[in-house]
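Trainee: Next come the chains, spelled out residue by residue.
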Amino acid sequence: MSSIETLGRARPVRIPRETATALSLGFVVAFLSVVVALPMAALIWESTKEGSAGFWEVVTSPQSLAALKLSFGVSLVIAVINGITGTLIAWVLVRDEFRGKRVVNAIIDLPFALPTIVAGLVLLALYGPSSPIGVDVAFSRTAIVLALLFVTLPFVVRTVQPVLHELDREMEQAARSLGASEATIFRRIVLPNILPGILSGVALAFARAVGEIGSLVIISGSLPYKTEVASVYILSRVESGDRAGAAAIAVVLLVSSFLVILGIGVVRRLTTRHDVAQARA
Amino acid sequence: MRPATLGSRTRRHVLRWTALAYLLAILVGPLAMVFWRTFENGYDAAWSALTTPETVQAFKLTLLITAIAVPLNTVFGVVCALAIVRRDFPGKGLLNAFVDLPLALSPVVVGLSLFLLYGREGWFGGWLEEHDIQVLFALPAMVLATVFVSLPFVCREVVPTLREIGDEQEQAARTLGASGWQTLRRITLPAIRWAIVYGVVLTTARCLGEYGAVAVVSGRIQGQTETATLRVEERYDSFDVQGAYAISLVLALLAVLVLIAMTVFQRKEETA
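Quick note, the sequences are listed as chains A and B, same order.
Count along the first sequence from 1, then add 4; that gives the number in the working numbering.
Count along the second sequence from 1, then add 8; that gives the number in the working numbering.
Rather than coming from a laboratory, the hints here were simulated on the basis of the structure.
Idealized CB from N, CA, C, for every residue including glycine.
Among the hints, a few may not be true.
So the derived label-pair ranges between C-beta atoms look like this [as the list claims (entries may be wrong)]:
1) S37/A - G50/B: 48 to 58 Å
2) S244/A - T279/B: 45 to 55 Å
3) A29/B - T276/A: 28 to 38 Å
4) R191/A - R194/B: 18 to 28 Å
5) R99/A - Q142/B: 54 to 64 Å
6) D175/B - T23/A: 10 to 20 Å
7) G15/B - Q67/A: 47 to 57 Å
Quick look at which bits of chain A chain B covers, simulated, 3 or more residues with Cβ under 8 Å [said to hold, decoys possible]:
8) 43-50
9) 107-117
10) 125-134
11) 142-154
12) 202-212
13) 247-254
Chain A extracted, bound-state conformation (with noise of 0.2 Å):
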């Protein structure tokens, strides 16, 4: 004790690993608690002021339903293809080599560095009335499409990508030299082991897609039962001052956020728990 005391220098202060404990946790939790959960807790007061039968009632307004079914609609479809293309672009990046690979995969996280009213614009030059390749699909729901697409590009590549890149191909192998098609291969062998990572990366885009508002302000339109996605009309009603419209329908893409969010800890605590039974056996 004494020669550690001698050394001279004045040694800082020690907090007790507790007090460390409970200070970090505080922060993190009164932080939480300024930024996302006093705000939240904000919205869901204002959304039930009204009463549930005023929140149905608002929620079911031919409008509302219009764009809620529209969004949740969309963000299905854009799921599917983003399941089958995002595991290609992973298959590919992994599986294939070609000259300019590496850029072609960097390019991938463009989507996540681009601000989505710029890609909006991006869009709109592109399939807009003044395409210089003569597609016109501004203002349609193919262009709601189209942007949807563009934003949510990476999630699935990205997850499936790490997964895809671990795989043991020695078991591809056996099966290709016990005669299996290179279709089987992939159905019972490669599926179920990126299937996770689909199934996280799909989950992600759905509730993006949802929620996405910056690329479809512009190239939406924002047609009343024709192109109003849910979160433009939530902006559109803030901005004619219904709160409570506006917070209703907030509410209803609030609850969805977090079904997906538990769905892909689900997901998650599933394929640990499988990987622990390989581990095992």
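Could you slot chain B onto chain A? The hints should help.
Mentor: Chain B in isolation, oriented as in the chain A frame:
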């Protein structure tokens, strides 16, 4: 007999070109268009569209908000990741869900919640008005909105790295008499630094590009609470397409810089 299948070479090429064609149609093509459209009327037109006082002010505001939000989220992300990985406490699952929420939630919902909290009829609205503090339609609400939407990135990057490095070195340092702070500064932070940097890059990109949440809480006062992304929409709505494209190009170039940084730091993270 095995059924006749496509040659493996052909199949590989079909897959490759399908993937690349998809990327061209969805990603590269549209992006190339913004360059072309910006300079359609010459370099000078693009430059003068960019240097109007309102546009310059919008870019300054975007940078200011980013400069406040990124450090806040970096500190939070590191502390939160350390708590999630290294500490045990009840309610960890709930904490995880809250941190993930901004990834899955619509930015408009975020903006609306802040609007309801700090607006005139909101919980804090009356008190704030009495004390003459402007939160909504001013910088504080815009910062809060941006912090919310860019919250998870640092934490989500640091968590797996912390798990991977384990806590043996930290325990060793503690056994040798290092304080918690010393262990953090000398052992933990150096080990996770590239994960932090990568998270910071992602956070920065999200802050620069935020639209939906800020659109609700900013009030879009030209020259005051208009960020670069809001300015793009305002220019487009005022039929100044040239101006909208010029601002978009600058934002796109920033995105490309972010992308380069991501590629560089990801490689460092993998080799570290």
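Trainee: Look at each hint and say if it fits the structure.
Mentor: A quick look at each hint next to the structure:
The hinted range of 48 to 58 Å is satisfied by S37/A and G50/B, whose Cβ atoms lie roughly 52 Å apart. Against the hinted window of 45 to 55 Å, the Cβ-Cβ separation of S244/A and T279/B comes to about 54 Å, which satisfies the hint. The hinted window of 28 to 38 Å between A29/B and T276/A holds, with their beta carbons roughly 36 Å apart. The hint said 18 to 28 Å for the Cβ distance between R191/A and R194/B, and at roughly 51 Å that hint is violated.
Separation of R99/A from Q142/B is about 56 Å and conforms to the stated range, judged on CB atoms against 54 to 64 Å. The given range of 10 to 20 Å is respected by D175/B and T23/A, whose C-beta atoms sit roughly 19 Å from each other. About 54 Å separates the C-beta atoms of G15/B and Q67/A, a value consistent with the hinted range of 47 to 57 Å. For a cut-off of 8 Å, the count of residues in the segment 43-50 of chain A with a CB near a CB of chain B stands at 6, and the three-residue condition holds.
As drawn, the segment 107-117 of chain A meets chain B at 9 residues by the rule of a beta-carbon pair under 8 Å; at three or more, the given contact holds. Under a criterion of three residues with beta carbons nearer than 8 Å to beta carbons of chain B, the stated coverage of the segment 125-134 of chain A is upheld, 6 such residues being counted. Counting residues of the segment 142-154 of chain A whose CB lies closer than 8 Å to any CB of chain B gives 3, which reaches the minimum of 3, so the coverage claim holds. Here's how the segment 202-212 of chain A fares: 3 of its residues keep a CB closer than 8 Å to some CB of chain B, so the rule of at least three is met and the hint holds.
Interface restraint, the segment 247-254 of chain A with chain B: holds (4 residues with C-beta to C-beta distance below 8 Å; minimum three).
Violated hint: 4 only; the structure is consistent with all others.
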